[in-house]
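2 protein chains.
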Amino acid sequence: MGRMGKQTFVLDSPPAIVSSAAVAGKKEGDGPLGPSFDIVCEDSFFGEETWEKAESSMLSRTLSLAVGKAGLDFSDLGCVFSGDLLNQCVGSSFGLRGTDVPVFGLYGACSTMAEGLALAAMTVSAGYAETAAAVTSSHFCSAERQYRTPLEYGGQRTPTAQWTVTGAGCAVLAASGAGPLITHVTPGRIVDLGVKDANNMGAAMAPAAYDTLRAHFADTGRAPDFYDLILTGDLGFIGSEILRGFFERDGVSLENHNDCGMMIFDRVGQDVHGGGSGCGCSASVLCGEILGALRAGRWKNVLFAATGALLSPTTSMQGESIPGICCAVALTSGETR
Amino acid sequence: MGRMGKQTFVLDSPPAIVSSAAVAGKKEGDGPLGPSFDIVCEDSFFGEETWEKAESSMLSRTLSLAVGKAGLDFSDLGCVFSGDLLNQCVGSSFGLRGTDVPVFGLYGACSTMAEGLALAAMTVSAGYAETAAAVTSSHFCSAERQYRTPLEYGGQRTPTAQWTVTGAGCAVLAASGAGPLITHVTPGRIVDLGVKDANNMGAAMAPAAYDTLRAHFADTGRAPDFYDLILTGDLGFIGSEILRGFFERDGVSLENHNDCGMMIFDRVGQDVHGGGSGCGCSASVLCGEILGALRAGRWKNVLFAATGALLSPTTSMQGESIPGICCAVALTSGETR
Chain A
110 MGRMGKQTFV LDSPPAIVSS AAVAGKKEGD GPLGPSFDIV CEDSFFGEET
160 WEKAESSMLS RTLSLAVGKA GLDFSDLGCV FSGDLLNQCV GSSFGLRGTD
210 VPVFGLYGAC STMAEGLALA AMTVSAGYAE TAAAVTSSHF CSAERQYRTP
260 LEYGGQRTPT AQWTVTGAGC AVLAASGAGP LITHVTPGRI VDLGVKDANN
310 MGAAMAPAAY DTLRAHFADT GRAPDFYDLI LTGDLGFIGS EILRGFFERD
360 GVSLENHNDC GMMIFDRVGQ DVHGGGSGCG CSASVLCGEI LGALRAGRWK
410 NVLFAATGAL LSPTTSMQGE SIPGICCAVA LTSGETR
Chain B
110 MGRMGKQTFV LDSPPAIVSS AAVAGKKEGD GPLGPSFDIV CEDSFFGEET
160 WEKAESSMLS RTLSLAVGKA GLDFSDLGCV FSGDLLNQCV GSSFGLRGTD
210 VPVFGLYGAC STMAEGLALA AMTVSAGYAE TAAAVTSSHF CSAERQYRTP
260 LEYGGQRTPT AQWTVTGAGC AVLAASGAGP LITHVTPGRI VDLGVKDANN
310 MGAAMAPAAY DTLRAHFADT GRAPDFYDLI LTGDLGFIGS EILRGFFERD
360 GVSLENHNDC GMMIFDRVGQ DVHGGGSGCG CSASVLCGEI LGALRAGRWK
410 NVLFAATGAL LSPTTSMQGE SIPGICCAVA LTSGETR
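Line by line, the protein sequences give chains A and B. For what it's worth, this note's numbering labels the leading residue of the first sequence as 110, then goes sequentially. For what it's worth, this note's numbering labels the leading residue of the second sequence as 110, then goes sequentially.
You may find that some hints are simply not true.
It does not matter which identical chain is meant; a pair holds if it fits inside one copy or across any two.
Stated by the list, open to error - In the EDC-like style, the derived pairs of lysine to aspartate or glutamate whose C-alpha atoms are separated by at most 20 Å in a straight line are:
hint, residue 1, residue 2
1, Lys305, Glu253
2, Lys115, Asp152
3, Lys115, Asp185
4, Lys115, Asp209
5, Lys115, Asp182
6, Lys135, Asp320
Hint data in this document are derived by calculation from the structure and do not stem from the laboratory.
Can you make the complete structure from the sequences, with help from the hints?
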């Protein structure tokens, strides 16, 4: 346990991700990663009366599924780290209401999956709990009406706009077990280069991704090519290009980079403009496709760096720019000793 | 390091709160705890153009003040745990934007100060960072217009309504040093007994306080009278009476209980109905009056149990009840070995 370099925490006893679950909506299920989701729900209401309740239901089902896959009950979980995009994080609070598990509520915008994984890993590695879970969600319909306009309004989307993913992901961590291990955590600083266009989140978040990734490489002494995959959260097509540009300026080529927002939809066929976004984007991609590939041995080392745009509609209306944040978590295949 | 009982984490190397700062607005400065605040700002805008920016400025100043008192710079801080009540926690995000410190964003509603202290203590005690800070804020004017009605509307407040405190508190923790120590953390479960009145937060949160306190006593084997003070966050007058009633039913008298929401205003003279509330209520009371009393040796053992109501205006409009949460942190005077 300890500090490495300026900003990175090393987990001397790397906890194992013993199970994970990913749940998604119909549009996400129709995309290239469709087969990797545990459940694809055709009904955008998930059987509930409102989209907010639908999001809570989706988050709750994802947690149940992951806990069940690990062969655990809720009463076995030491604690849960959870957050989402809805005002006052009600997706999480109402989704976790029936579980009786101690909760640490988070707000990291779309970086929440990495933040939750980081804190869950730190908690388990230090021995505070034998097991802990990280879970998060987003829902296109609840996000649109909260951040932008009522869906019925049918507003035109700009070419840089990203599509909020309807999806949730959950990872259950334990002190010992088979499964990908979490070895390092690099929490992010808030970075704001002055981007004010709330329809171009990728551009607003790319500087934060660059800042955290650079810190991670400097702290650990690892070059980018140490990783089979450097996976950002939801920079989308535009933000990813900006990120690779920053590194090219340093003479570094991020060839092994991909982005959850680019992976989850078919750019040509699904009309999503800038790509996918939302807490549920990186959560469902990580907890389905990526952890699956690590378990199967297709990848050995993955750096998961989820990004968040820390704005609100109020700050944008008050003329503010958009601060970004990025939290990075280093994953390796294998099991605990 | 480890687990004690079902829900409590023990910090074998208890970190020290090496400094703290509390900043408040004019009404809070006029109350019984006025002398305990580092700064009382007469201007509700804190020199800014909007109340949201005022809240960020207040939070930022409080962090600077606490870090300075510890003889540190921002670059010495391992990380900051921060959150607030504003949509998307923009009080924190914009307040921390200029600091260059790694951030873990939280949402625990009015329990945020205890949640932040808990995670900062866990982080420092485990050796991930030498120092960490917990900071939070609330502002009467930004909260009223977000959760209730525009201030200009002049709505009548019900007798059970609480008054959101304009205030912020910050504690800086270090692995060694003089100052009160954090010895135990009991994170809370989400408890919802069906209260639907958004103007009676005390009643909604009291069951969560009871649940966490009972778990803490059971896990640690400590009786309530082990503590010189059991300090709940912002149950106010009504919620505190309900909490004491729950314990009386168990044959336990909580004689050493007080509540930040009852302490911060003069019930008779300041027309606050149910008492104070908001993240800044428990944060400014703890970081001013209470930590001062621990440092001065007036108290030896204090259990700080901040409470949060996990609702949003949307959930209330959709007919939902109000889930509550309570996180408890055990403090003792003295210094690290």
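Here's how the hints hold up against the structure:
1. Lys305 with Glu253: Answer is within; shortest intra-copy Cα gap is 18 Å, inter-copy 26 Å.
2. Lys115 with Asp152: Close neither inside one copy (46 Å) nor across copies (38 Å); limit 20 Å.
3. Lys115 with Asp185: Intra 35 Å, inter 10 Å, cutoff 20 Å: inter-copy only.
4. Lys115 with Asp209: between (37 Å within a copy, 12 Å between copies)
5. Lys115 with Asp182: Cα proximity of Lys115 and Asp182: across copies only (14 Å, versus 38 Å in one copy).
6. Lys135 with Asp320: neither (35 Å within a copy, 39 Å between copies)
Going down the numbered hints, you'll see the structure goes against 2, 6, while the others check out.
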